[in-house]
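Student: Residues per chain are reported as follows:
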Amino acid sequence: MSPKTLYDKIWDAHVAHEAEDGTCLLYIDRHLVHEVTSPQAFEGLRMAGRKVHAPDKTIAVPDHNVPTTLDRADPATMTEESRIQVEALDKNAKEFGVHYYPVSDIRQGIVHIVGPENGWTLPGMTVVCGDSHTATHGAFGALAHGIGTSEVEHVLATQTLIQKKSKNMKVEVTGKLRPGVTPKDVTLAIIGETGTGGGTGYVIEYCGEVFRDMSMEGRMTVCNMAIEGGARAGLVAPDETTFAYVNGRTHAPKGAQWEAALNWWKTLYTDEGAHFDKVVTIRGEDIEPVVTWGTSPEDVLPITGVVPAPEDFEGGKVEAARRSLEYMGLTPGQKLTDIEIDTVFIGSCTNGRIEDMRAVAEVVKGKKIKDGIRAMIVPGSGLVRAQAEEEGLAAIFEEAGFEWRLAGCSMCLAMNPDQLSEHERCAATSNRNFEGRQGYKGRTHLVSPAMAAAAALTGKLTDVRELI
Amino acid sequence: MEKFEKLHGIAAPMPLVNIDTDMIIPKVFLKSIQRTGFGKNLFDEMRFNRDGTEIEDFVLNKPQYRNAEILVAGDNFGCGSSREHAPWAIADFGIKCIISTSFADIFFNNSFKNGILPIVLPQEQVDILMADAEKGENARMTVDLEAQEITTSDGEVIKFEVDAFKKHCLLNGLDDIGLTLEKQDSIKTFEEQAAQARPWV
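Taken in order, these protein sequences are the chains called A and B.
This note's numbering puts the first residue of the first sequence at 205, with every later residue one more than the last.
This note's numbering puts the first residue of the second sequence at 5, with every later residue one more than the last.
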């Protein structure tokens with residue numbers, strides 16, 4: 205048998221039908237659902253008189269619209285439209301009989317945090333959701349990617365997706381990371397290297413010592429942003445770190461089934477000599493804490509750098525950079541560490557896990573955020589929030605002057621009341637710095653949780669290495 | 005789904021690279037639970053001032069492009085979110101074909117599900133079509149899906165590639181779910197085998 209990549213192995217294990225032209229029906233093991241991209245899909249089922257094919261493999265949770273303030277049980281905290289979307293999910297989950305975590309459940313949170321946390325996401329699975337950051341689940345060695353609403357309806361009705369196989373891409377980060385450099389810096393540095401279109405048509409496997417050394421939380425941060433590099437999905441081969449994370453979680457297999465699962469999971473790695481269509485290699489030692497300066501996640505620079513000029517680029521990027529600089533209100537040559545910020549947002553499916561909370565606490569413990577800075581920490585789930593409180597992190601945040609919120613997507617995409625105002629500048633641990641992403645004319649700099657914490661203390665983009 | 009066979013229409017040039025889904029349809033408009041009505045908010049923040057007045061120099065506000073049915077766009081069009089509201093807004097506005105050097109994966113798939121034909125061409129050919137689109141409303145292009153050909157206003161013919169299955173669905177306006185349900189037996193067989201091999205799933 206010819207050697208296979210990890211992607212090849214998972215793909216092959218899920219093909220339910222293959223047509224002559226290579227179009228496949230890929231079987232889906234887990235379908236995660238949230239309130240924004242599902243209402244039209246459920247409505248489509250209803251109109252066609254169809255059922256959900258596998259409700260026991262379908263998990264729904266509201267996250268995008270929900271307020272994160274402590275008073276959110278009060279319906280007045282939501283706009284009418286948001287309330288309609290959340291109520292539609294309540295109703296659809298009940299009517300179609302899928303697993304559901306309502307806003308009032310402590311396990312509610314961002315769908316990509318809820319899945320892994322409750323043991324729904326397991327190695328070797330296919331996982332989809334009507335959300336591009338489904339790539340997160342690739343950290344478990346699960347083939348996971350975002351789909352549109354028509355495909356949500358297709359998966360609900362058939363538990364399959366019509367797919368053609370992507371190409372294989374290997375992103376290798378060798379060696380060790382230097383102090384102050386985090387998984388977020390790694391994933392941003394990769395996108396800085398490949399560009400936002402560099403992964404288009406590929407599934408990435410992240411290989412190398414840096415990922416082997418990384419925690420599951422860190423791997424999730426890396427895979428989460430595979431989509432920002434244009435890839436369909438990102439994968440990390442499962443190993444002892446993965447198995448230890450999964451073991452004992454509510455919906456993970458137990459007893460003899462655990463042993464059987466483990467036996468299969470241990471075969472999920474890329475065979476020696478397997479072919480990759482594209483390979484990118486980066487030295488871990490070369491990665492510095494980074495920050496984005498523009499309005500595309502590829503606009504990445506080390507924090508020690510300066511704002512670039514449009515002429516530094518080529519082709520269509522010249523005009524795009526000019527537009528970005530104007531939008532961001534930045535001047536070429538300006539030191540990144542001289543950029544003053546108004547707001548700090550810590551959270552999202554990229555960086556809303558317990559390890560991210562710990563990283564922030566480490567930087568801000570016993571300190572105060574700069575006067576006048578609006579700073580909020582939004583845990584990725586109710587369980588993350590509870591754990592952070594138990595570990596004493598929440599007390600550190602509140603003492604430092606952060607708002608400590610309830611779980612949701614919050615200001616990552618600002619569909620709920622957490623938004624930037626015009627020209628408000630934010631250091632954010634989220635995943636997209638697009639125009640208007642965090643609010644109309646809002647300005648976003650993507651950073652790691654540690655860097656966001658440092659910015660909160662100084663009121664400027666800051667090299668966290670100077671504070672630790 | 006509406007069929008796509010042959011289109012003869014105005015092409016609007018949008019050379020900006022990395023046009024993302026937040027530009028195509030900002031999230032404030034994602035709160036509808038319907039599939040229709042998004043066209044009025046297509047490219048909202050690029051197209052309108054905060055007070056609702058039009059931004060004159062935005063391409064789709066120019067008189068010659070208001071009825072555009074084709075977009076010729078910069079590289080990596082549709083990057084970002086999986087929101088199908090993006091192709092819904094594009095289709096609702098009346099645009100049925102987008103031409104670029106590359107598209108983001110999810111957007112590309114979503115387009116086909118909504119009767120929109122995304123066409124990928126090499127840079128030199130996109131440049132030719134961009135220049136043609138710059139001519140305005142008198143420069144109408146023809147996109148023939150059956151023949152896989154674009155004809156410029158000058159009569160130059162450019163061939164394009166399209167996945168055979170997606171072409172078939174688009175030409176015939178076929179519903180994917182109906183097609184997949186015809187293969188129900190394969191799905192059932194797969195489920196039985198998977199239940200043996202991976203009972204923990």
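FYI, nobody ran anything at the bench for these hints, they're computed from the structure.
Misleading hints may appear alongside valid ones.
[Stated by the list, open to error] Residues from chain B shown here face chain A by an in silico Cβ test under 8 Å; the list is partial:
#, residue
1, K31
2, E49
3, S106
4, I110
5, L149
6, A151
7, W204
Where is the CB? At the ideal position from N, CA and C, for every residue including glycine.
Student: Now look at each hint and say whether the structure bears it out.
Tutor: Going down the list of hints, with the structure as the test:
1. K31: With Cβ-Cβ at 5 Å, under 8 Å, it holds.
2. E49: 5 Å, holds
3. S106: 6 Å, holds
4. I110: 5 Å, holds
5. L149: Cβ of B:L149 sits 17 Å from chain A, so the hint is violated.
6. A151: 19 Å, violated
7. W204: 4 Å, holds
Going through the hint list in order, the structure does not satisfy hints 5, 6.
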